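Enquirer: Listed below are the residues making up each chain.
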Amino acid sequence: MSADELIWRIAGGSGDGIASTSQNFAKALMRSGLHVFTHRHYPSRIRGGHTYVEVRASADPVKSRGDGYNFLLALGDSFARNPQDEAYYGNEEAKPLAENLDELREGGVIVYDSGLLDPSEVPNFEERVEENDWHVYDIDLRSLAREQGREVMRNTAGVGVTCAITGIPLEAIEELMRDAMPEKILEPNLEIMQTGYDLVREEYDVDAPDVSVPSGEHDEEQVLMSGSDAIAYGAIDEGCRFIAGYPMTPWTEVFTIMSQNLPELGGISEQVEDEIAAAALAIGASHMGVKAMSGSSGGGFALMGEPLGLAEMTETPLVLIEAMRAGPSTGMPTKPEQADLEHVLYTSQGDSQRVVLAPGTVAEAYEASRRAFQLAYEYQIPTMIVYDQKLSGELTNVPASHFDREPNGDIGMTLTEDELADQPHTADGKFHRFQHEGENGVSPRSVPGQKAGRYLATGNEHNPAGHISEDPDNRVAQMDRRQRKLDAIRADLDDDGLLVEHGPEEADYGILTFGSQQGTVEEAVDRLNENGTSVKALTVAELAPYPVDAVRSFLDSVDEALVVEMNASAQFRGLTQKELGTHGEMLSSLLKYNGNPFEPAEIVEGFTTKLVDGGELPGNETKFVPAAGD
Amino acid sequence: MSAFSAIGEEREIDRNEYTPEIEPQPTWCPGCGDFGVLKALKGALPEVGRTPEETLLVTGIGCSGKLNSYLDSYGFHTIHGRSLPVARAAKLANPGVEVVAAGGDGDGYGIGGNHFMHTARENHDMTYIVFNNEIFGLTKGQTSPTSPKGHKSKTQPHGSAKTPIRPLSLSLTSGASFVARTAAVNPNQAQRILKEAMEHDGFAHIDFLTQCPTWNKDAKQYVPYTDINESDDYDFDPTNRADAQELMRETEDKLYEGEVLTGVYYREDDRPSYQQEKQEIGEMPDEPLAERYFDGDYEWERSYDNFIDKHK
Ligand SMILES: Cc1ncc(C[n+]2csc(CCOP(=O)(O)OP(=O)(O)O)c2C)c(N)n1
Ligand code: SF4
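Quick mapping for you: the protein sequence lines, in order, are chains A and B. Numbering of the first sequence is given in the numbering used here, commencing with residue 1 and proceeding in unit increments. Numbering of the second sequence is given in the numbering used here, commencing with residue 1 and proceeding in unit increments.
Source of the hints: derived by calculation from the structure; they are not laboratory data. Any given hint could be a false lead.
Stated by the list, open to error - Now the stretches of chain B that chain A is said to cover, found in silico as 3 or more residues with beta-carbon under 8 angstroms:
| no. | stretch |
| --- | --- |
| 1 | 4–13 |
| 2 | 35–41 |
| 3 | 110–122 |
These numbers were taken from a predicted model, which means no experiment stands behind them. We put the CB at the ideal spot given by N, CA and C, even for glycine.
Construct the complete structure from the given sequences, taking the supplied hints into account.
Expert: Shown next as structure tokens:
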């Protein structure tokens with residue numbers, strides 16, 4: 001087995017501590033100098049149901065979950081033993097072992113909890129082990145944990161076993177457990193881990209480990225972060241101190257992080273009755289001169305359509321988050337998809353003035369969050385961040401210095417009372433909040449409570465003073481001004497370099513993607529080039545206003561391009577064709593919408609089979625849609 | 001100096017200050033009850049000592065929603081049914097501002113019913129005026145949640161089979177700490193009640209009977225009514241919940257039959273407002289949040305200093 005990466009999968013029942021255990025494990029590997037990336041798979045259930053987390057670790061930067069894995073720690077699902085479960089979900093008992101074998105690489109390791117799992121329930125287990133040269137450790141983790149303390153500590157025992165097999169020093173994990181656990185449960189946990197470790201060392205010959213952990217070193221200090229962490233921290237650093245929301249997976253993650261931290265920072269978090277209210281509250285706070293946000297996932301965001309339009313028409317700065325999951329309707333609550341793109345771009349009535357950013361990585365998520373607030377407040381326009389369940393939950397290491405930035409409490413063109421006093425007072429005695437002038441479309445605002453700044457904000461069309469107006473000339477002037485903002489924003493964003501190119505400068509082929517597929521596509525591009533196919537990738541992180549020039553010049557520089565996205569209707573490709581008005585005949589699509597994100601090998605295979613060899617795709621996981629001109 | 005010097009300014013306020021210098025042509029029909037709300041509000045605000053610039057009037061959509069077009073304060077004319085969530089956040093963001101929300105019965109009890117219930121429950125410190133004309137005005141006379149049973153309209157040609165909503169009881173059970181009813185035909189009482197509502201610390205709900213001569217010719221708001229706080233016939237304590245409930249039941253059953261009782265039905269004086277509760281548990285800053293953004297010396301806290309260690 002190659003030692004250049006470890007991909008460790010811990011599988012078991014939802015609610016059995018899989019997430020926290022894997023997080024500690026990933027952090028320990030990161031601290032030891034490795035690059036890590038986690039991938040989380042979980043069902044829409046609270047307790048029980050098959051779940052796993054993969055931790056990929058390598059000396060080189062890792063950008064995706066990789067393909068397959070080489071170490072399985074299969075814990076028993078303690079909740080699968082509830083007799084009722086069978087009625088609803090079938091027999092879950094063998095799943096942690098049975099469900100995970102397909103992707104286990106040749107020569108990999110299996111550790112399973114023989115106290116809870118019976119391999120005879122797994123079809124052809126012995127044969128498969130032999131065929132694939134897997135190394136199997138059957139260890140009664142359950143009794144081991146029970147003897148020392150409580151059954152739930154099986155996962156800690158499993159970590160001890162993992163360390164013994166892979167040669168990870170226990171101290172690295174111990175240190176983290178000391179940080180994370182209360183005294184009472186720390187000691188038994190440490191003991192259990194040690195027992196698991198010793199047991200393997202005594203009973204098995206692990207001097208030449210089947211799977212070992214690579215060693216690495218970081219140039220600078222790293223932190224382990226998820227996309228949701230990064231978005232929340234970006235918002236906090238931009239001075240966002242008001243959030244309103246209603247829980248919906250996976251948006252709940254950002255909402256939770258903000259709610260837990262805002263009070264300490266003197267901010268306000270409101271969990272309200274529904275998403276219409278949530279967006280409306282954010283508008284109310286922002287109208288008062290406070291940096292505010294809200295957000296949701298598909299269905300909840302659908303309810304925000306009307307308040308979103310209100311923010312556009314009243315030019316109230318607003319940041320909304322849309323964490324996509326598989327739809328339509330409630331769809332698959334815990335599975336990623338990129339199919340809400342058109343929903344985010346086009347929902348709400350009228351010609352819309354909005355900004356949509358789509359970060360591709362955890363580091364970019366922080367950037368996008370800050371930028372969203374800057375644009376929203378500088379241009380008095382709603383700005384949305386669209387990302388997905390994959391990016392929201394995946395943990396990866398980012399240099400700590402990336403987050404070491406100046407805070408920003410600036411709320412854009414909002415006048416002070418002194419400035420308001422200097423505004424020429426018009427015949428109607430009112431402050432002209434919505435003046436037609438302003439090259440970039442922005443007219444300075446006042447906020448309630450300020451002297452000399454009173455005005456009416458209305459979702460109806462209005463004249464410069466804010467009065468409702470259906471005057472045709474005024475209508476055109478106001479609409480043109482609001483549209484002008486988009487040109488100015490496009491120019492600003494062009495300077496930001498939000499488009500990430502990857503691969504050789506000159507290439508025959510291109511891959512176009514957006515959002516969370518960035519890392520996977522880049523890994524695929526590297527492999528394709530290693531295999532002799534000349535290809536480069538472009539990830540587009542600003543979807544509205546669309547970076548027409550940059551995408552056009554990328555496409556002009558290649559012969560043919562593949563658009564990779566996680567949805568069934570090629571929404572991003574559609575957007576690109578619409579915005580460019582050309583290039584349709586050179587854009588083919590590789591689509592995936594089965595609830596799982598792309599793996600690099602799927603992109604390599606899809607690309608090679610269809611674009612290079614012109615053959616048929618073997619599986620049904622991914623779908624190829626030929627270029628529009630074909 | 002505060003960035004909001006209009007807030008808390010003490011001076012003699014002339015009611016004409018609330019009248020826009022160039023008044024937009026009112027879109028209300030002649031004889032519409034909505035004029036009465038505007039008049040009462042212009043009278044009550046100076047009495048409460050609130051200047052136009054420290055007042056934010058948030059409205060929904062409907063004839064009633066146009067209220068802030070004719071009141072020269074800060075205003076936010078939102079969308080149908082959503083005035084309350086916008087108003088709530090405005091008050092949380094800057095509690096010094098007098099926040100009044102207003103809208104029609106369709107707006108407040110129909111499409112915005114959920115927000116009504118929750119705003120009352122949370123007891124936000126604000127005043128909410130519902131223009132109850134028992135009809136959809138702006139969309140031309142459809143049956144509304146307060147229209148009497150059997151009410152015929154173009155969309156309910158056989159007469160409504162629905163029992164009308166009981167706004168006062170709904171408000172009380174939802175948790176409003178001030179519940180009153182008044183009518184446009186009695187401007188003096190209306191002004192008095194509005195003043196009391198604005199001075200009340202908590203959610204003050206006023207079911208404001210406004211006649212709609214255009215679409216609701218048989219509305220019963222025109223009948224002479226009784227002020228329960230003044231009349232000798234009603235020996236009743238508005239701080240007593242059971243009393244209030246009983247009286248509400250009576251009048252809400254009878255509203256469509258003739259006698260209309262108005263006045264303050266319920267007042268809970270010692271209950272802390274939502275803002276106070278939130279401050280007490282440490283979920284809301286002592287200083288108005290909005291002030292911070294105008295304070296050039298304010299040191300914004302960073303995620304790096306506060307949270308980065310737990311990710312290392
Ligand atoms: C979401 C939405 N649905 C419907 C409408 C159309 N609409 C405008 S006002 C109104 C009802 C008005 O009735 P009410 O709220 O009682 O106010 P009034 O006009 O009687 O003052 C309706 C249905 C709208 N603007 N928005
Ligand atoms: S339609 Fe009715 S509610 Fe609307 S303005 Fe006319 S009278 Fe007033």
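Enquirer: For every hint, state whether the structure bears it out.
Expert: Hints and how they fare:
1. Coverage of the stretch 4–13 of chain B by chain A holds. Counting CB-CB distances below 8 angstroms, 4 residues qualify, and the rule asks for three or more.
2. Coverage of the stretch 35–41 of chain B by chain A is violated. Counting CB-CB distances below 8 angstroms, 0 residues qualify, and the rule asks for three or more.
3. Residues of the stretch 110–122 of chain B lying with their CB closer than 8 angstroms to a CB of chain A number 4, which satisfies the three-residue condition for coverage.
Hint 2 alone, counting from the list given before, is not met by this structure.
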